[in-house]
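Number of protein chains: 2
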Amino acid sequence: MGDKSVANLGEFGVIQHIFAPIQSKQGEGVQLGIGDDAACLVVPRTQDLLATTDTMVEGIHFSSDADPYLLGQKALAVNLSDIAAMGGLPRWYLLSMAVPNRTSQSWLEEFARGVKAASEMFHVALVGGDTVRSNAKIVITVQMLGLIGQHRAVARSGAQVGDRLYLSGTLGDSAFGLAHLLGKLPAMLADDVSYLSRRHHLPEPRIQLGMALQDAALAHACIDVSDGLLADLQHICEASQVSAVVDVEKLPFSESAQRVIAQYGRSALELALTGGEDYELLFAISPGAADQVEKIVHQVGVSLVEIGEVVGVGERPGVVVRQGGEVLSIAQSGWTHF
Amino acid sequence: MGDKSVANLGEFGVIQHIFAPIQSKQGEGVQLGIGDDAACLVVPRTQDLLATTDTMVEGIHFSSDADPYLLGQKALAVNLSDIAAMGGLPRWYLLSMAVPNRTSQSWLEEFARGVKAASEMFHVALVGGDTVRSNAKIVITVQMLGLIGQHRAVARSGAQVGDRLYLSGTLGDSAFGLAHLLGKLPAMLADDVSYLSRRHHLPEPRIQLGMALQDAALAHACIDVSDGLLADLQHICEASQVSAVVDVEKLPFSESAQRVIAQYGRSALELALTGGEDYELLFAISPGAADQVEKIVHQVGVSLVEIGEVVGVGERPGVVVRQGGEVLSIAQSGWTHF
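Sequence lines, in order, name chains A and B. Position one of the first sequence corresponds to residue 1 (UniProt numbering), numbered consecutively onward. Position one of the second sequence corresponds to residue 1 (UniProt numbering), numbered consecutively onward.
Wrong hints could be hidden among the right ones.
Treat identical chains as interchangeable: a pair holds within one or across any two.
Taking lysine to aspartate or glutamate and the DMTMM-like style, the derived pairs with C-alpha atoms no more than 25 Å apart in a straight line are [to be verified]: (1) 137 to 67; (2) 116 to 67; (3) 4 to 28; (4) 295 to 309.
Just so you know, these hints were derived from the structure itself, not from any lab.
Based on the provided sequences and hints, a complete structural model is requested.
Here you go:
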């Protein structure tokens with residue numbers, strides 16, 4: 001079979017040839033999956049349901065020449081990251097796509113292969129969706145459903161004055177990777193380009209970490225860093241009616257990111273703090289709970305570092321960034337979609 | 001405040017000014033709604049979860065000058081209709097939108113007002129979503145979550161040979177309404193234009209009917225007619241491995257639709273059978289259960305008529321349309337998205 005376009009395949013052809021093959025035969029708790037008016041799912045008695053959704057638009061969130069296999073993985077990963085931030089176990093997802101006629105069958109197949117790879121890695125089952133024609137760009141919407149013990153969801157609103165702020169993994173890699181792809185930050189070692197672009201294209205949702213934090217009842221508040229560290233910390237501050245102080249010296253940067261910051265200075269540092277798409281977890285814990293953090297680091301194998309603390313709200317909830325004891329004024333705060 | 005565009009409002013402005021006001025203050029079973037990484041929802045112990053999603057694209061599923069208030073209602077209605085077809089009770093929804101910068105604040109406000117009107121009418125709560133920038137057209141994706149008693153979901157796959165096929169409401173109104181809007185079927189009474197366009201713009205999800213059918217354990221199989229009667233009956237046939245016969249004389253047409261068919265003849269009849277977006281329920285019941293159907297008609301106040309029957313699968317699952325005892329060959333079978 002040659003490389004047909006979506007227009008040749010038709011809607012039912014797309015479902016039959018592209019998406020039906022990637023659904024799990026027997027997802028846990030799936031009574032009815034793809035192929036009926038709605039999926040029918042069994043939520044265990046002891047669990048609450050988590051639901052989240054993310055939309056990605058061609059030309060806004062990914063470029064037209066993006067690798068469809070990586071894109072398929074990312075479409076799931078960004079939603080998995082939201083479930084991780086609540087401390088939940090992701091279980092099922094629905095996938096909606098608006099696809100222009102020009103899209104090739106091989107593009108869709110690669111995309112579906114990426115979706116399948118991520119769904120197998122994180123044990124989530126495709127249970128429904130909608131594939132429609134687009135008159136311009138590809139638009140991808142994933143809805144992820146997860147489970148969490150009753151009253152155990154970790155919200156953004158529980159941060160308390162005196163809490164220590166922790167961040168998983170490293171900061172800014174994804175923003176640097178994207179900036180390089182866009183022709184900014186051109187001077188970069190080949191290895192750094194490779195590492196940073198991978199971090200941009202293939203975020204690692206911190207599912208195990210989120211569940212461990214929830215299991216230990218450790219985090220008072222948690223969020224995944226998708227809009228940028230400062231914007232997402234601001235979200236915690238507003239939801240919790242507190243303020244926060246972050247120390248630049250404490251921020252975890254990869255070696256590649258350190259080299260980028262050494263080369264480009266303050267503007268690169270600001271990008272790392274505001275660029276977003278890190279998909280790391282940012283959370284607040286009691287000042288006395290540092291020992292427990294160490295245990296979790298060993299348990300899940302993800303680095304966690306203290307980056308600042310929660311302070312009184314003052315006039316209004318806000319984030320202060322300090323460097324060498326001085327307050328740093330950061331111009332642009334976070335990724336905004338408009 | 002003047003009529004700002006989305007670009008002026010910003011993403012958080014859109015959420016704060018447009019969508020936050022339409023979320024229910026206290027949705028049933030909502031532990032965490034809009035404003036966290038994921039919604040946290042309580043599924044009652046005796047219930048299974050239903051999940052469905054539908055995407056609508058500007059220029060494909062609705063025109064750029066569509067009334068945003070009606071569009072908001074329709075975005076929910078088409079998803080509610082899928083929950084109805086399973087016999088479930090709709091409860092929560094997520095709303096994702098890709099919106100171009102040119103979109104005005106007043107357009108979004110009217111759209112949100114329509115969404116809110118439908119959510120209040122059907123007692124469903126907005127619990128999450130994603131609003132992002134589009135570089136071309138508006139794309140709307142709703143994910144609807146509902147509840148149903150354990151093992152009570154009405155699938156497409158249970159139709160049995162000898163079953164009678166029933167359809168709620170009337171057929172073809174929406175397709176005729178749309179055809180007139182597109183400049184086809186120009187000769188039409190003003191009252192018919194008004195009625196048929198309304199049926200196109202404002203489908204009535206048959207929630208009460210679906211629940212009554214499920215409650216009475218009456219339907220062996222059920223589907224909502226969104227792709228067209230023949231295409232959706234074909235879905236039932238394939239899922240149930242049966243075939244079906246439909247008699248044109250039995251089909252329920254509104255007075256307006258009857259006038260259109262009288263004027264335009266066979267092509268209008270075919271459009272009614274294949275045009276789609278009826279959002280009526282099509283279901284199969286035991287031949288001896290006609291009395292129970294009458295009870296349900298009185299109970300929910302929606303007309304139900306027998307339109308045909310389920311027969312042996314033959315060579316492969318298929319639908320035969322008869323008129324005056326003769327087999328009618330219908331060219332185009334159903335709405336396809338590509």
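Copy assignment of residue 295 with residue 309, given that the CA separation must stay at most 25 Å: within (20 Å within a copy, 65 Å between copies)
State whether the alpha carbon distance between residue 4 and residue 28 is at most 25 Å within one copy, between copies, both, or neither. neither (34 Å within a copy, 47 Å between copies)
With 25 Å as the alpha-carbon cut-off, assign the pair residue 137 and residue 67 to within, between, both or neither. both (16 Å within a copy, 23 Å between copies)
Could you place residue 116 and residue 67 in one of the four classes (within, between, both, neither) given a Cα distance threshold of 25 Å? Intra 15 Å, inter 39 Å, cutoff 25 Å: intra-copy only.
When the structure is compared with the earlier hints, a violation turns up for hint 3 alone.
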